[in-house]
Amino acid sequence: MAKITFITSSEEEIVLEGDSGSVMELAVQNGVPGIDGDCGGVCSCATCHVHVIPEYTTKTGEASEIEKDMLELDDNADEYSRLSCQLEITEDLDGIILRVAK
Amino acid sequence: MSDKKISELSCPFGYTRKEKGYGEMDDQNDPVTMLMRLKDVRKTAHNWQTFQSAAEPGRIVIPSEVNIRDTRQIPFEVDPPKHTEYRALVEAWFKRPLEAEYTAKLTRQIEKALDEALQKGELEVISEMILPIQSKALTLLLNTPESEAETWISWGTHVFRSEGEALDAKKANVLYDYIDKELDKAAENPGEDLYSVLLDSDFEGRKLTKEEAKGVMVLTFAGGRDTVINALTNSLAYFAEHPESLLRIKNEPEIVGKAVEEFIRYFSPLTHMGRVVTEDTVVCEHAIKANTRISLVWASANRDETVFENPDEIVLDRKINPHVGFGFSHHKCLGATHARQILKIFIQTLAAKVSSIEIIDHKDNIEQLGEYQRKVGFHMLKLKLNSNS
Ligand code: HEM
Ligand code: FES
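Sequence order for the protein chains is A and B.
With the working numbering applied, the first sequence corresponds to residues 1 to 102, in that order.
With the working numbering applied, the second sequence corresponds to residues 1 to 389, in that order.
If you're looking for bench data, these hints aren't it; they were derived computationally from the structure.
Treat the numbers as computed from the prediction; the structure is a model and nothing was measured.
Where is the CB? At the ideal position from N, CA and C, for every residue including glycine.
Incorrect hints may have been included.
[Stated by the list, open to error] Just a few of them, taken from the derived set where beta-carbon distance is under 10 Å, the chain A residues facing chain B:
#1 T8
#2 E11
#3 I14
#4 D36
#5 G41
#6 S44
#7 M70
#8 Y80
[Stated by the list, open to error] Listed below are the simulated DSBU-like cross-link pairs for lysine-lysine, each with C-alpha atoms no more than 30 Å apart in a straight line:
#9 B:K18 - A:K59
#10 A:K68 - B:K353
#11 A:K102 - B:K18
Model the full assembly from the supplied sequences, consistent with the hints where possible.
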């Protein structure tokens, strides 16, 4: 079980628990505002964009080349940006905090 | 019989994409530089300052429509910041396809269409099944009575283009006149439909004008017609030739979302879309002059071998699929939620009801883009669907 916290654009904190699938799927299933997951998680829509709170980036690891290319052209992206459909839920993600991108 | 499958859409841009990155074509003396690589297409789509959509109405469409219309299509032919405001007006409406009631109605429409096709046995699927599915589904998006679809079906598959290349102003007028009439009705007698919602929308401190509402409606009709029809028809031809894939969807329903994205990538129902260059610039080490046109070739970008493994194959559950079949950045397809739902439900229903599909006859629909010929679908596809019950 991994506990994952989302901070929405209206500063609401949503804490969810999951043990499989992607972070995007967990967020969409629980209606986290701002995470739409339009393409179902194949890295084509960028509607699952989150910023990892800096102290947790070692847990989430690095984005792939393809994911980076997607984020590069997102006006709201920064060095902590990830596409949450590319974050597989495992014990390793337990405790992370993500800010939902605009 | 040749071995080539009719559902295979070979990509005519491969050589140019690898060697040079851009191609060229003329269109009514307003030539187009065609961008072929995924990275260039994305970057250019993102850069609206240099590559604008808000040009003379009709000019970013290829073949150009400047001689047949004056109505600006909204939000398609507008750039930020105005574009952002227009999108904000309609974004929520175009997400309605995710609602349970919408999905349930769409499912009923599609089940009925497939039951009828199964009863007929042999049929020409585009006119007898797919155009009706597309038209009835559109009544859900517009929130109008389902009976309106009868009128749209009667227009046939060529409302905007006649057979062949030429643009047909007379045919386009059928649509414009129809939308004018519907907007007048909605103005007089507001209801819960998209026409009424648009006319009642606030924009920059005033109501949306009738001309603006018309610009949105024309686009909703035109943008969602051939694209959806080609996506459905090509998918059907694919399953006719790949019964094992149909069985796989039945046994692994969870992959249907990925299959839909893969069909959009592989079939790329919209081949390309233009932009007008606002300043002298360089793309792909190639100088491009201000006030000329470029095009974003989605269909080529979606086969980019530097990004996609086995780009010319359909991999039903492709896991990483950063395609641009629905466009990219500000102007990405507003109807994508609706289109994805239609495709998803169509494929699921097909897998549930149909065991095998026989191909009786077909006539390809081939686009001529300068030196390039690209098959986008079919003018005619005669099939026999066999029930699995
Ligand atoms: C499989 C079906 C479809 C495909 C492949 C498709 C493809 C596209 C593409 C590539 C664009 C980007 C154009 C550009 O950047 O200039 C686009 C935009 C658009 N599409 Fe679709 N489309 C589909 C279905 C639909 C449907 C069903 C509707 C509505 C009923 C629709 C309405 C629109 C609109 C309004 C835009 C303009 C958005 C904007 O400029 O902000 N499309 N579509
Ligand atoms: S859900 Fe589409 S890119 Fe993540």
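Hints, one by one, checked against the model:
Hint status for A:T8: violated, given a least beta-carbon distance of 17 Å to chain B, over 10 Å. With a least beta-carbon distance of about 21 Å to chain B, the hint placing A:E11 at the interface is violated under the 10 Å criterion. Nearest Cβ of chain B to the Cβ of A:I14: about 19 Å, over the 10 Å cut. The hint is violated. Against a cut-off of 10 Å between C-beta atoms, the interface hint on A:D36 holds, since the closest Cβ of chain B lies about 8 Å away.
Here the hint on A:G41 is kept, as its CB sits about 8 Å from the closest CB of chain B, short of 10 Å. The criterion of a C-beta within 10 Å of any C-beta in chain B is met by A:S44, whose closest approach is roughly 5 Å, and the hint holds. A distance limit of 10 Å between C-beta atoms decides the matter here; for A:M70 the minimum to chain B is near 6 Å, and the interface restraint holds. A cut of 10 Å between beta carbons decides the hint on A:Y80: the least distance to chain B is about 21 Å, and the hint is violated.
Restraint check for B:K18 and A:K59: not satisfied, since their Cα atoms lie roughly 38 Å apart, outside the 30 Å limit. Only pairs whose Cα atoms come within 30 Å are accepted, and A:K68 paired with B:K353 is rejected, the gap being roughly 41 Å. Our distance criterion of 30 Å between C-alpha atoms is broken by A:K102 and B:K18, whose separation comes to about 36 Å.
Of the numbered hints listed earlier, those contradicted by the structure are 1, 2, 3, 8, 9, 10, 11.
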